[in-house]
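Under numbering that gives the first Met the number 0, read the sequence shown as residues 0 to 303, first letter to last.
Please note: incorrect hints may appear among the correct ones.
[What the hints assert, rightly or not] Calculated pairs, DSBU-like style, for lysine-lysine (alpha carbon to alpha carbon, straight line, at most 30 Å):
hint : residue 1 : residue 2
1    : 37        : 276
2    : 63        : 117
3    : 117       : 36
4    : 276       : 36
5    : 176       : 63
6    : 117       : 276
7    : 276       : 63
8    : 117       : 37
9    : 36        : 63
10   : 37        : 176
11   : 117       : 176
12   : 36        : 176
13   : 176       : 276
Please keep in mind that the hints were generated in silico from the structure rather than gathered at the bench.
Predicted model only: the values in this text are computed from it and were never measured.
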Amino acid sequence: MRIVNGRTIYELKEQLDRYFLGISADRTPTGLFLLQKKYALQLLECAYMITCNPSRTPVDTESKLGPEGVPVQDPTLYRSLAGGLQYLTFTRPDLSYAVQRICLYMHDPREPHFAALKRILRYIRETVDFGLKLYVSATTSLVGYTDADWAGCPSTRRSTSGYCVFLGDNISSWSAKRQHTISRSSAEAEYRGVANVVAETAWIRNLLRELHSPLSTATLVYCDNVSAVYMSANPVQHQRTKHIETDIHFVRDMVTASHVRVLHVPSRFQYADIFTKGLPTTLFEDFRSSLSVRPPPAQTAEEY
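Put together the whole structure using the sequences plus the hints.
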């Protein structure tokens, strides 16, 4: 039998079979564990931060990035690292908000933006073994959480929307994105977020139908803004909501058809908060665990 670097050719083939587009996929008795450790280490090496001091969160709770600051000396490196971090969010939803913030300034990166990028890399150094756990589950419920940081961008005063969608016990979709227009109230910003997650769940429902696994129950969408929940069910139009009529009619049609139910959730259980703002360490780690981002199971805890 041929030996290559101390391993048989079959062992090497088995190792390569675990990788898809740079993502390691390891089967466990309870499901699948997706990991991009090798890719994360390559990013740290490119930034010369392989031995940097770690951080427990990717973004602090106070800072809001704006266009101010001295231009970075190497904008090409900044753009390369920011683009690389975007690919890392494929298995790391806990990075989505922090990466979205730095990508807003790829056209003109400044030193505060580079400092924020380095904070993300220090967090990756702390959690380089973390990946996305997918469980074997017979549950077919579709549940979404949505939140918005009203007027959170200091330069444009646009809001940031975030959502995550769970199919059974597994997170299947997530997003952190600055809204295209300025919202004139927190209810409007939150409702635009509701419309975004309802559109995403509608696409997933249609996909499952095409795969001959249609859902028999309505999608539950949780929002922590009472006004946004009320607007999704109240058929009466108000003067202050006419400028978002398209989103209102879209969501209400889905509610009327019994495809979606929009419900209120207390902020302490609003998992989508991790996609819209910096959180205290304890709350961030709690929400991160709820998204199934965690260290590998014992049987897959090896070098990748």
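(request) Compare the distance between the alpha carbons of residue 117 and residue 36 with 30 Å, and conclude whether the hinted pair is satisfied. (result) holds, 18 Å
(request) Decide if the proposed pair is consistent with the structure: residue 37 and residue 176, CA atoms, cutoff 30 Å inclusive. (result) Roughly 27 Å between the alpha carbons, so the hint for residue 37 and residue 176 holds.
(message) For a C-alpha distance cap of 30 Å, please report whether residue 276 and residue 36 respect it.
(response) Given pair residue 276, residue 36 holds - Cα atoms ~25 Å apart, limit 30 Å.
(request) Below or equal to 30 Å on CA atoms is what counts here, so check residue 63 against residue 117. (result) Holds: residue 63 and residue 117 sit about 15 Å apart, inside 30 Å.
(message) Just to be careful, I want the Cα atoms of residue 176 and residue 276 compared with a cutoff of 30 Å; is the pair within it?
(response) holds, 11 Å
(request) For the pair supplied as a hint, residue 117 and residue 37, confirm whether the alpha-carbon distance does not exceed 30 Å. (result) Roughly 18 Å between the alpha carbons, so the hint for residue 117 and residue 37 holds.
(request) Compare the distance between the alpha carbons of residue 176 and residue 63 with 30 Å, and conclude whether the hinted pair is satisfied. (result) holds, 15 Å
(message) For residue 36 and residue 63, compute the direct alpha-carbon distance and say whether it is at most 30 Å.
(response) Given pair residue 36, residue 63 holds - Cα atoms ~29 Å apart, limit 30 Å.
(message) Run the distance test for residue 117 versus residue 176: straight-line Cα separation, threshold 30 Å.
(response) holds, 21 Å
(message) Please verify whether residue 276 and residue 63 have alpha carbons no more than 30 Å apart.
(response) holds, 9 Å
(message) Next pair to validate is residue 37 with residue 276; report whether the Cα-Cα distance is within 30 Å.
(response) holds, 28 Å
(message) Check the hint pairing residue 117 with residue 276 against an upper bound of 30 Å on the C-alpha distance.
(response) holds, 18 Å
Going through the hint list in order, the structure satisfies each hint without exception.
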